[in-house]
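Asker: Now for the letters of each chain:
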Amino acid sequence: MRTESIQPPPEAKNSETVTLHINGEARTLSVKPWVTLLDALRENLDLTGTKKGCDHGQCGACTVICDGKRILSCLSLAVMKDGAEITTIEGVAPTGDLHPLQKAFIEHDAFQCGYCTPGQICSAIGMFKEGKAHTEAEVKELMSGNLCRCGANTNIINAIMEVKNGGNYE
Amino acid sequence: MSIKPLIGQPISRLEGHLKVTGAAKYAGEYNVSDLLYGYVVNSTITKGKIISMNTDEVKKIPGIVEIFTHENRPSLAWFDMQYSDMDAPPGSPFRPLHKPDIKYNGQPIALIVAETFELARYAASILKAEYQTEAFKTDLEANLGEGRKPQPGLATMLKPPPPKDKGDIDLALSAAAFTSKGTFTHGTEHHNPLELFATTTVYEGKGKVTIYDKTQGTVNCQLYVGNVFGLHFKDVRVISPYVGGGFGSGLRPQYQLFLSVMVALELKRNVRVTLDRSQMFTFGHRPPTIQKTKFGSDINGKITALYHEATAETSLYEDYTETVVNWAPMIYPSPNSKMEYNLVPLDVFTPIDMRAPGGSTGLHAIESTIDDLAHQAKIDPIQFRLLNYAERDESVNRPFSSKELKQCFIQGAEKFGWDKRNPEPRSMRNGNKLVGYGMATGAWESMILPARAEAILTTEGKLIVKSAVTDIGTGTLTVMSQIAADELGLPLDQVTFEYGDSKMPFAPIQGGSFTVSTVGSAIKAAGKALRKKLLKIAQHIPHSAFKGLEIEDVVFQDGYIRLKLDPSKEIAFTALIHANKGKVIRTKNFNVPNLLKLKKHSRAAHSAAFVEVEVDEELGVINVTRAVTAVAAGKIINPKTARSQILGGMVWSISKALREETISDHNFGKYMNQNLGEYHIPVHADIHDLDVIFVEENDEIVNELGSKGIGEIGLVGMPPAIANAIFHATGKRINEFPIHFDKLL
Amino acid sequence: MNDFNFYKSQGISDAVEKIADQPDAKFIAGGTNLIDLLKYNLMTVSTLVDVNSIKEDTLSETDGAVLLNAFATNANTAYHPIIEERYPLLSKAILAGASAQIRNMASNGGNLLQKTRCYYYYDANTPCNKREPGSGCSAINGYNRNLAILGTSDHCIAVFPSDMCVALAALNATVCVTGPDGDRKIPFSEFHRLPGNTPHIDNNLLTAELITGIELPSKGFEKNYSYLKLRDRNSYAFALISVATAMELENNQITEIRIALGGVAAKPWRVQKAEDFLVGKTPTKENFALAAELIVEGAKGFEFNAFKIELAKRAIIRNCLMALNPASQLPGAQPSA
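Going down the list, the sequences are from chains A, B and C. FYI, the numbering used here numbers position 75 of the first sequence as 75, with every residue one higher than the one before it. FYI, the numbering used here numbers position 741 of the second sequence as 741, with every residue one higher than the one before it. FYI, the numbering used here numbers position 268 of the third sequence as 268, with every residue one higher than the one before it.
Rather than coming from a laboratory, the hints here were simulated on the basis of the structure. Backbone N, C-alpha and C fix where the C-beta goes; we use that ideal spot for every residue, glycine too. It cannot be assumed that every hint is accurate.
To be verified - Cross-link-like lysine-lysine pairs, in silico, DSSO-like; alpha carbons within 27 Å at most:
1) C:LYS185 x B:LYS59
2) B:LYS59 x B:LYS268
3) A:LYS13 x B:LYS60
4) B:LYS528 x B:LYS420
Claimed, not checked - Covered, in the sense of this in silico footprint (three residues per stretch, anywhere, with C-beta under 8 Å from a C-beta of chain C), are these stretches of chain B:
5) 179 to 190
6) 500 to 511
7) 697 to 703
As the list claims (entries may be wrong) - So the derived label-pair ranges between C-beta atoms look like this:
8) C:GLU297 x A:HIS134: 50 to 60 Å
9) C:GLN10 x A:GLY68: 46 to 56 Å
10) C:ASP183 x A:LYS13: 48 to 58 Å
11) C:LYS55 x A:LYS13: 21 to 31 Å
12) B:ASN430 x C:GLY182: 56 to 66 Å
13) C:ASN172 x B:ASN430: 33 to 43 Å
14) B:GLY205 x A:HIS134: 57 to 67 Å
15) C:ASN172 x B:ASP56: 23 to 33 Å
16) B:TRP78 x C:PRO133: 48 to 58 Å
17) C:LEU249 x B:ASN430: 45 to 55 Å
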């Protein structure tokens, strides 16, 4: 193959101080611009509930809720989220209790290995807030950004539909 | 025994809370102090040698701690056997960073070790190798002529060679009233569990390591690490309770484990090596396989000839095999049969078992050929199968330990509404969509391996059971807890199952649908031994009501031993602890299956899969709108988690038949879609109405639990049922998986 | 991904100045494609200039026309009441792309600047004229299922992957940009480029130019429209073929029609001749079939994508028929009756 000229070692870039309001708590950290929100959560803040499945926006495992919207933390830089309100799976439920979706996921056996689960739940919470999914077909379409390799799809959709129809998802 | 046994109850997963809250920690999530990050650099050529690398230049970057390549890899074990593992095929296992030689595209050639993840990743992107390239071969179809018999080896024990020829196949085919032939092409597939392969190694000092690894076998990895790095086994601890999917990819120790441990030992530091998604395509896959079938029947549809041949890819250094062609004579009695299985070694990584290995490949060819034969004979596909039903396994001339496949046909057909099927292809419609119904049989051999388990009665009278086994999402924690609880007659909240740790009693790798059979039997044996021990202690208590009694005379209930005939005579478990001087009571048992007894029977789970497809007549777009799988797999320990296993297999079936494929470019000898955007696994919008039936089946042979295992069976029958339904909808038989919708234009 | 500086811009002119000053600096809005490319080391940047601080409303209306904010997200645009009511074709097309999460991040301007999903572009170890001019095209004789059949050259057969842009092309949108030399407007049909001899240049944006808005003419075709997307799974995959149809009918006669194809070329594909042919005709399968022939005229298939020629024709016919009954459209722009 072609030979490439070797780039010189990069000059050290400055770290930026950012404050992320995560699960209701202000967390200030010093990160370089090349740190994604996902890696900041997992490596800097030890919030490993948010998962890295592909790191390229192709699986949905890293879904978090940022300023009320579900987004992919792997395609976000931490420095771009300075001041943002972020909810991760660790913060979706009041302390000591489970979110209705978390309960429904357990009841419907809506996971096997559990690795896509936090992303599925955060995504479904975001979908409820958007208010655009009315039918089961719409729910399936609007949840299609979250892959499940174990094949728990029907149980996941059933769990979400149950909570949706119960209307208890705030 | 407790009055209402837990076995058979649809218990929700015990680790559910941890998984839905994000508290369950996976291998790459142990944020231990002072952690280094490793990032792998992969070969960009397919075959040849590394001439040089710009290691020195890259190492100058501040924050880069070390770069490991074949040039500075520590001198390690010499012999192939030391690199072997429980799932190693015959041959010479791959050794990471061993030599400058490149055996396949994507081979790890270096590991960057840095203070941060981002820096390691950056350095990996600028580390370049100069290669001397050699000609390579990666195309199975172009090299079919080079097929040869596989080398025999230990792996052959679980993967028997094809059965002996019977009768005269050529004569039978030429005399058959109906014959059907097909060529079935399957490409490469990658497991792609959602969790990336990762190993966090904690350096404990003095050559001792604690390893958090993504694996399907903690002990397998412990032995591998001990052998390769020359460590005492007791100094190697592999922990893996939560595994973000395996599907076979974790059956062998993967290279990130080797690299992580190597760094920890060399630098005496804690280190994590996580692979990225494209690297998930660099260590094993389901091999491409090309099959040919020729089946024949008499005028009444009775099968007279079965010919099934498969040629599969393997690597140049190991003979990976699958059981692809052994199934037809087991499922369909035929006086004439011939089966062949060959391998073509190519410049690829060795394939590795992927969910329902062999079975999901072979049954597609068999069941689609059978469907065609039934179509020719104008016999309903279920009737055709009943007409050719094997009451015994004629391929090896043994009875089945149990076989309720007929019930699968009956109950499945009823639930699905098979009677509404018009046998004529292209005869059923829904608006502008063609509707097709298809069905197929599935089978999966029930295996059992030796395993050890420990059972402990705690000072509070609670039960702890232990096994090194992992839980890859199959529900192992929950079902093992159920089995253990029933042994001692305790409610579930009095039982703790400790697992996923090589420190625990020996368990083999978790795969092949043999975990419940293997580990469950060991736990049952340990529980039984503990009951005996408890009774013995009870009998030694002064004035014991249990003196001289046998284990059959008492029951274990809710924390008491009670006399069967007079339940008012009882002793609490806590009293037994007291009698044991306040110490815990423990038993450890090695359960070795009785091979002599087992070998007298063929043991297999069976299924019948029913599928409805809708095909857009003009655009070809295919949807599996409904499917039912009826399964006969012996005792179902937990119908809830078991159902999920089958549902998972059904989603995999849709994926296999219609979605997933690893795309190779043989000009470059590499895979081109090494990401989840282009490696299409089904999304929610692809999955519609799926239903599962467990048919009652009593089996006293397979193991004491009577349970056959269900991890694979959901993926064996349904892929051909989809292909058969598409034929019924469109009149087109597409034998190449995945079926792209444009093939139906 | 290389190390880079980060700069939060204070406004459009500030952002443009910052980029103009530095080689290898890039704007970042949603980042959904850019961060992906940086992680694959297909691009290196010196500084990322964050344009997210340029916050305005999702869109503004003047004289019936609508100006989309380039920095607004795809989701806010698709779900905006004015877009849902007046430009439902645009809404449907946006919602057929990517996933809900990505649409919540991706900006309208960024949508126009997506890179091709050609496997070889994404693999830095294979020749690719788009990535590395003059190195050759691996796709022409390689795996090209997802690549172009129209407007290709001997140097490149990449496809532009956007769904939103297929609708924008049909709606005759205009791209508003600001650069070091001031503002200018680019008609949508002139924004993206066919590969020719310069496949590495995707579009006609000049250095340091920033997309600030997208103008939609007042005509939104809200009565008869449809977006159809055919792909290898029902959602979260790029189009093999997509079609946007915008139609105006009077007394069962077509008075105006726009048909744009996605997944077939380096830009959304429209053929004036075909649209002209249909004006004054009745909206029948036969007439749409004749137009479809005109649209794919000159198409050239390769080893793995020749099916696209026939599929495109059938998709055009179906989508034009679907436009007669827009209410029948399914989630994910799947084919309906």
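Asker: Indicate, hint by hint, whether the structure satisfies it.
Answerer: To see whether the hints hold, each was checked on the structure:
| no. | hint | result |
| --- | --- | --- |
| 1 | C:LYS185 x B:LYS59 | violated (49 Å) |
| 2 | B:LYS59 x B:LYS268 | holds (19 Å) |
| 3 | A:LYS13 x B:LYS60 | holds (16 Å) |
| 4 | B:LYS528 x B:LYS420 | violated (50 Å) |
| 5 | 179 to 190 | violated (count 0) |
| 6 | 500 to 511 | violated (count 0) |
| 7 | 697 to 703 | violated (count 0) |
| 8 | C:GLU297 x A:HIS134: 50 to 60 Å | violated (42 Å) |
| 9 | C:GLN10 x A:GLY68: 46 to 56 Å | violated (25 Å) |
| 10 | C:ASP183 x A:LYS13: 48 to 58 Å | violated (32 Å) |
| 11 | C:LYS55 x A:LYS13: 21 to 31 Å | holds (26 Å) |
| 12 | B:ASN430 x C:GLY182: 56 to 66 Å | holds (58 Å) |
| 13 | C:ASN172 x B:ASN430: 33 to 43 Å | holds (38 Å) |
| 14 | B:GLY205 x A:HIS134: 57 to 67 Å | holds (60 Å) |
| 15 | C:ASN172 x B:ASP56: 23 to 33 Å | violated (58 Å) |
| 16 | B:TRP78 x C:PRO133: 48 to 58 Å | holds (49 Å) |
| 17 | C:LEU249 x B:ASN430: 45 to 55 Å | violated (28 Å) |
In summary, the numbered hints that this structure violates are 1, 4, 5, 6, 7, 8, 9, 10, 15 and 17.
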